[in-house]
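**Student:** Now for the letters of each chain:
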Amino acid sequence: MRDRKPEAGEAMDPEEDESYVDYHYDDPGTMPGTLSIDKNAPPPEIHLIDYDAEQSTGRRVEHPEELTPYLDNHSVSWVDVRGFGSEDILRRLGKVFGLHPLVLEDIVNVPQRPKVEEYKDHLLIIARMVCPTSETAEAFFSEQVSLILGKSYLLTVQEEAKFDVFGPVRERIRTAKGIICHQRADYLAYTLLDAIVDGFYPVLEDFGERIEALEAEVVENPTRGTLERIYLLRRELLMLRRAIWPQRDVINALIRDANPLIGEEVRVYLRDCYDHAIQIIDMVETYRELASSLTDIYMSSVSNRMNEVMKTLTVISAIFIPLTFIAGVYGMNFDPEKSPWNMPELEWYWGYPYSLVLMLSVAVGLVIYFWRRGWFESFSRVKK
Amino acid sequence: MRDRKPEAGEAMDPEEDESYVDYHYDDPGTMPGTLSIDKNAPPPEIHLIDYDAEQSTGRRVEHPEELTPYLDNHSVSWVDVRGFGSEDILRRLGKVFGLHPLVLEDIVNVPQRPKVEEYKDHLLIIARMVCPTSETAEAFFSEQVSLILGKSYLLTVQEEAKFDVFGPVRERIRTAKGIICHQRADYLAYTLLDAIVDGFYPVLEDFGERIEALEAEVVENPTRGTLERIYLLRRELLMLRRAIWPQRDVINALIRDANPLIGEEVRVYLRDCYDHAIQIIDMVETYRELASSLTDIYMSSVSNRMNEVMKTLTVISAIFIPLTFIAGVYGMNFDPEKSPWNMPELEWYWGYPYSLVLMLSVAVGLVIYFWRRGWFESFSRVKK
Amino acid sequence: MRDRKPEAGEAMDPEEDESYVDYHYDDPGTMPGTLSIDKNAPPPEIHLIDYDAEQSTGRRVEHPEELTPYLDNHSVSWVDVRGFGSEDILRRLGKVFGLHPLVLEDIVNVPQRPKVEEYKDHLLIIARMVCPTSETAEAFFSEQVSLILGKSYLLTVQEEAKFDVFGPVRERIRTAKGIICHQRADYLAYTLLDAIVDGFYPVLEDFGERIEALEAEVVENPTRGTLERIYLLRRELLMLRRAIWPQRDVINALIRDANPLIGEEVRVYLRDCYDHAIQIIDMVETYRELASSLTDIYMSSVSNRMNEVMKTLTVISAIFIPLTFIAGVYGMNFDPEKSPWNMPELEWYWGYPYSLVLMLSVAVGLVIYFWRRGWFESFSRVKK
Amino acid sequence: MRDRKPEAGEAMDPEEDESYVDYHYDDPGTMPGTLSIDKNAPPPEIHLIDYDAEQSTGRRVEHPEELTPYLDNHSVSWVDVRGFGSEDILRRLGKVFGLHPLVLEDIVNVPQRPKVEEYKDHLLIIARMVCPTSETAEAFFSEQVSLILGKSYLLTVQEEAKFDVFGPVRERIRTAKGIICHQRADYLAYTLLDAIVDGFYPVLEDFGERIEALEAEVVENPTRGTLERIYLLRRELLMLRRAIWPQRDVINALIRDANPLIGEEVRVYLRDCYDHAIQIIDMVETYRELASSLTDIYMSSVSNRMNEVMKTLTVISAIFIPLTFIAGVYGMNFDPEKSPWNMPELEWYWGYPYSLVLMLSVAVGLVIYFWRRGWFESFSRVKK
Amino acid sequence: MRDRKPEAGEAMDPEEDESYVDYHYDDPGTMPGTLSIDKNAPPPEIHLIDYDAEQSTGRRVEHPEELTPYLDNHSVSWVDVRGFGSEDILRRLGKVFGLHPLVLEDIVNVPQRPKVEEYKDHLLIIARMVCPTSETAEAFFSEQVSLILGKSYLLTVQEEAKFDVFGPVRERIRTAKGIICHQRADYLAYTLLDAIVDGFYPVLEDFGERIEALEAEVVENPTRGTLERIYLLRRELLMLRRAIWPQRDVINALIRDANPLIGEEVRVYLRDCYDHAIQIIDMVETYRELASSLTDIYMSSVSNRMNEVMKTLTVISAIFIPLTFIAGVYGMNFDPEKSPWNMPELEWYWGYPYSLVLMLSVAVGLVIYFWRRGWFESFSRVKK
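Residue numbers (our numbering), protein chains in the order written: chain A, 1200 to 1583; chain B, 1200 to 1583; chain C, 1200 to 1583; chain D, 1200 to 1583; chain E, 1200 to 1583.
Each hint should be verified, as a subset may be incorrect.
Identical copies carry no separate label here, and so any pair may be met within one copy or between two of them.
[Unchecked claim] Once the Cα atoms are required to be at most 35 Å apart in a straight line, the calculated DSBU-like pairs of lysine-lysine come out as: (1) 1319 / 1294; (2) 1350 / 1294; (3) 1294 / 1376; (4) 1376 / 1238; (5) 1350 / 1314; (6) 1314 / 1376; (7) 1376 / 1319; (8) 1319 / 1238; (9) 1294 / 1537.
Derived from the structure by calculation, the hints contain no laboratory data.
Let the hints inform the model, and build the full structure from the sequences given.
**Tutor:** Laid out in structure tokens, this is it:
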């Protein structure tokens, strides 16, 4: 993503971020529960990690039905599905986990707004994961992660296999490091939510750097592209804001609602996660105010420039126009021979020097006048 | 609607959208319960669809009284009335369904604000349906749909027969597809509300395309018409916003209030519908912020252009005015014969070439000066 | 009011609307219950309408004491007092109806903020009535109406006899039309409140027309007066907003608070009235946003105009200044006889035509340059 | 204060209103209960008014201890302390009235934010009193009034003896006019709070007049000083707003909280006082919006003026520059004797008249062109 | 800090305040409880102050384990840790005080958002301390202070040893002055929180001075640097705001939540502290509004300046261009000998004086014209 910041002069391409502007929708009147899968969706990969305090095993699963034995045993089973390129497999997954048709719809018809919904024996958490990347056209990679938390399992469904922020968690389970292996599925869900929320920080850091770059640019060399970049920044901050605000509500609901699937101890950890969400919201709002202030400075920089241009024109015009007039006067053809009053200066011995001195005096007078009004100061102040 | 986006240069016609700016009102002091029907309202068509899990029949009804037997039987009866061009028929409908005079007033005196009201044995839901269309002058077609939900029937009243978003639902009932036929009238009401809410998505998509087009226009070729189009967009977003916000409250009230006419299972579905309403509100607010930012860019584009114009004037004036002055000096008529100090240059052997070189030096000096201050850069940057 | 819309060029007169900017206040420290009656207040007229389901009688009353027998009987007595030009009569009225000193103060010391207050055996409702008119200097006529609702009577007090919106209600009672005659005093209070709220609609319609006129004006011919009219509009919308918001709270309080003076059935009707208040608030807020957007367009129209002016100046200057310079060069007086290098062009056979062709080429070149940069397009686009 | 409105051209002096920008603060870490009295604080004057339904006596007290017998008797004792120039007397007062150290701190370390705090046997009310005055540098006089309400006494502490709004109340007690003498201390507290709140009205009236003056100024003759005055107005409105908002909360808390020191009847009166606070807030907010709109008009007036200036320059330049060019052409020195093509016009019989007619035609043509584009209209519209 | 206010002309350096823009974050997926200590963090110093009503002792402690005996005794033990440059010592501290891993993480991974969290036998309070300083690059020094309140001890952890606002508190304990020595640990916590909140006042005073300086600058001599300083001010006010708002919530939570560690009496004191936090928020919001208004004045000052420049240009051009034209006419070379109509003025006896008078008349006429339109007034008004 650091490499992706739009370059100066690069035009705004409104097409590129369509994916995170629009929510998913079906044609009005479509039957509830209809799955509408994008044709380009990658085929699903199902990864299973099963662990308890003593051991952990991970393997790739081909058929959803193979998962059934894991759902009831005492170890924690994390089923991670990446990609929904096969409606058949998704429906079979739904059957294995006993999902309500609306749950399956929410998982697949991305993007949905982050939310939490309680069902009889599981909890659906829709979250949005972002991470900085230079491989996509957008300023950051963004995908929906759906978490279905059961008593001893956690099913996560991601849009793609390419990016996620769960690597360190997998590593910790694999190496049996930390307390995670002594905990139940709710702790795993917390860990993943925490990773998702913390994933906003590096994206925000990129935004912070872009704001700093724009601050410098707007002061030193504001061009038309600067404003476009400010506009793009504001638009992307709107997107980020729309992603994080409901996430805060999700975490708050998990802390507050007395669902038996979430243990008391995990709620303590979730408070920490909630604090992070609030911090991120604080920063997004701060950045939005800064971006809005930048527009003001930009406008003022442009006005200042025009002021400089006008001053230049005025100083040069105001000095030379009177001089040209004087020269014009002595270029008149009144005939000195017809009358002693007709342009006697032309025949003076010091006539020409006198006229040059006259012009010089006028010019010097005007320069002093402008100088005392401070118009020359700014000339030297403008470096560029 | 795609064809309807106002063209560049097309003037804003404030008349055209009057219908969705104003709410309905009668003269102050009019008796409550008075029906004030627009003279141009189309005559009502009454369509009946009666279905249960086994069969479904649909037919057109001439006299409201024919509906009486359907209201109490065990199948679900959907009575869809389109148009209110006959006060007589509407009053007879009111009698058949036992409607409070205020209910009838709310149904007919359109537009009303979306709301839900509980009566003894039915529930009144006022909703607003929008759909994109190129057949009307407005950017989108918009009409009021009133739903009266009873125990085993659903009465819907629309302003016109021309457009609605219920086609797929009728089709599903006719072909007995989906679970709809196994459900009661409350599920039908949910299905229609869901179709109404989802109907906002294609309209919003049109707005999204207009914003993208304006983004390009404002940067590449801002004209006076651009700002008008931004203004029109902001005005129409205000309309859309006014339509969707109360709709959200309607759905929320249906979920929250413990009305026995809405079953527990249908509340689960309504939550989904509520999420969609929130998504639409999110998008409307985002679009409003973007439209507001576009105004800023527009203003700045105009300022930038003026800057270019001023620079052009300044560069040309600043270069030629001093030259003209020099030419003016050597056009003076001081008589060289009266004094050796009177314009001796005129009689030099290299006088004319010297003057041309002098002018050239001044011109080159100024060009270098302006070039080093970066004034020429922008000349090449402006393509148009 | 339709005739009253400020004409183009009419200056803003801040005096004229003082009456609805300021709330009433007494000198700080004045004794509570002091009546401060405007010297120009018209003398009170007391109108009594007494009706029940069978009959209705109306007559004018001179002495408040005559009303006593009506307060306790079973028919509904509507006492309508217009004008407070006599402190004596008002105090006697207070005694007859048993009003708290603060109630009398609220009625007389206009304007008060709309509110509802419960007393032991009556309810005080302060409302604000507006109606469009061309007879006053303001954009709309506005007066306070105080309603005191007792068990079987309703006392209404208006500032003036000239305007009110109660005509149709009186007519309905007189002709015994509608259900009003079968209802108690609370229904009468509802009917009047409903008429007051509905009275905002025609005023809003006037505002809507003014906004439409301003939309056209700001685009086609923005003058200095346009902005003043926008400002006036914004100021008057602020007034309207301040009048309707508390009215909404008043109606809501009547619906919600379990006061025995308001029957259950009337609450159903008040919900309808509440919806209207919300609609009016919606429209006021929408108009406020539109008025604010209009300011943006205005500013931009002014900028566009300046752009046109600058372009005109630049094109004419840029074309003629170089030409004048060329003419200046050939007006120099270098003596061709002193040297073959001194302005040989002057003695060429084709010298003069050559110089004219040179100037023409420069002019044509510049015109092409400006034309290709699109500066001439806008010349034709500006009609005015 | 009417005399104090800043004159046109008067510069903004940020020093002058420091007293109401800043809240009081001690050095961080100062011991709670420390009294930090301004060196210039006037010495305290203690005034006692003791009254019941039969009689009232007023006298000045030197030693706080003299007040002890009055605190427990059955008459109402109003102790009014003005000035805190003696820490000793204040501490003795605190002992006599049994005040918590924090209460004494809140009273003395002014300014504090208005608030109400309950203590065991008294109630502390911090209020802010404003009144218009021409004797101070600020736009209005503002001081803190602390009210300590006990069972049969009311202690009020003011910063200075010079101004207050309690005169009419004292007069009413002295002359035993009104119901005040039949009431307890809580009614006295209400009366004073009411006087304090009503004291905002004349200050607001001054603001209203300033806004009206600015409205006229901004349209007729906007100068640089105008904007400074708008800024000053906005700043002072912020101050006023900060004073009245918490006051509303204070009164609301008194009405709502079931403190036995405030009788039921007095709560009815406080509702009236609360309404006034709301009205004042309404007006402050309205004024703030108006002041903000004035800035827009100002900016636009300045733009309009620049437009006029540019038009003047353009019209004059555009007319004379081509004429000067023509004159320049016929000032060229091509030698007619060398060639018949060299400026034959110079030797025509009608050459000079022809050239004058040519110039006149060009000038008239341009004037018509500008006139048809409407540029002259605005010249006449600018009166100043 | 007084010395640190950015000088005029000093460029905005976005790097310098990075430390208070960003919240702390670890890589997404990091194990909860991980301590990430900045490499440059100073090594921790542990200071112990143990006191009761009779005596107080203070000493520096090397090993956290030495503190164990102090935690349970009856005197109040204040352990003040400054710097976290050693993970080992911090972990040992955590063990001694029995801290939850998340508590230790919140203490060390600065900056955190101010918050309060309850644990079984202690209370964690995260606060942000600011103080003005000229030793850092930022406008104010800002560090996190974590308070862990137990039954008889208070552990405070600061980022650095260099600055804090607790000096006077330590002094009061050392000299056994004030009631602090008779109170328990909760009173000590209040005292420190109070010192932290009061520490915002001097920082705000600095902001107030900067605003005043900017007010003067923006009116008298607005330069490009002025806007940068306004922007910097707005940005720093955003930071301050983000620090104080959650602090208010912290104090409110302490007052409201019935935690047994906070005594009833201390809650009374905390109300006072809460009032201060509200006051600070009031001032920050006021300053933000003022800073926003300053931007408006700046823009208008720039526009006014451009107006002056344009007027100067216009006056000089408009006066001399017609004169130059007249001179140009009499510089034409029509041959008077060829025709009596060819420039007869050239041969008049009073020709030259006549032409000079003509020019003078034109110039005087134009000066009068401009003078009457008021264009010269403003020339004298601009001092600079």
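**Student:** Compare the structure with each hint and give your call.
**Tutor:** We went through each hint and held it up to the structure:
{"no.": "1", "hint": "1319 / 1294", "result": "within (15 Å within a copy, 41 Å between copies)"}
{"no.": "2", "hint": "1350 / 1294", "result": "both (17 Å within a copy, 33 Å between copies)"}
{"no.": "3", "hint": "1294 / 1376", "result": "both (34 Å within a copy, 21 Å between copies)"}
{"no.": "4", "hint": "1376 / 1238", "result": "between (40 Å within a copy, 24 Å between copies)"}
{"no.": "5", "hint": "1350 / 1314", "result": "both (20 Å within a copy, 32 Å between copies)"}
{"no.": "6", "hint": "1314 / 1376", "result": "both (31 Å within a copy, 30 Å between copies)"}
{"no.": "7", "hint": "1376 / 1319", "result": "both (33 Å within a copy, 27 Å between copies)"}
{"no.": "8", "hint": "1319 / 1238", "result": "within (33 Å within a copy, 49 Å between copies)"}
{"no.": "9", "hint": "1294 / 1537", "result": "neither (117 Å within a copy, 107 Å between copies)"}
Hint compliance for this structure: hint 9 is the single one not met.
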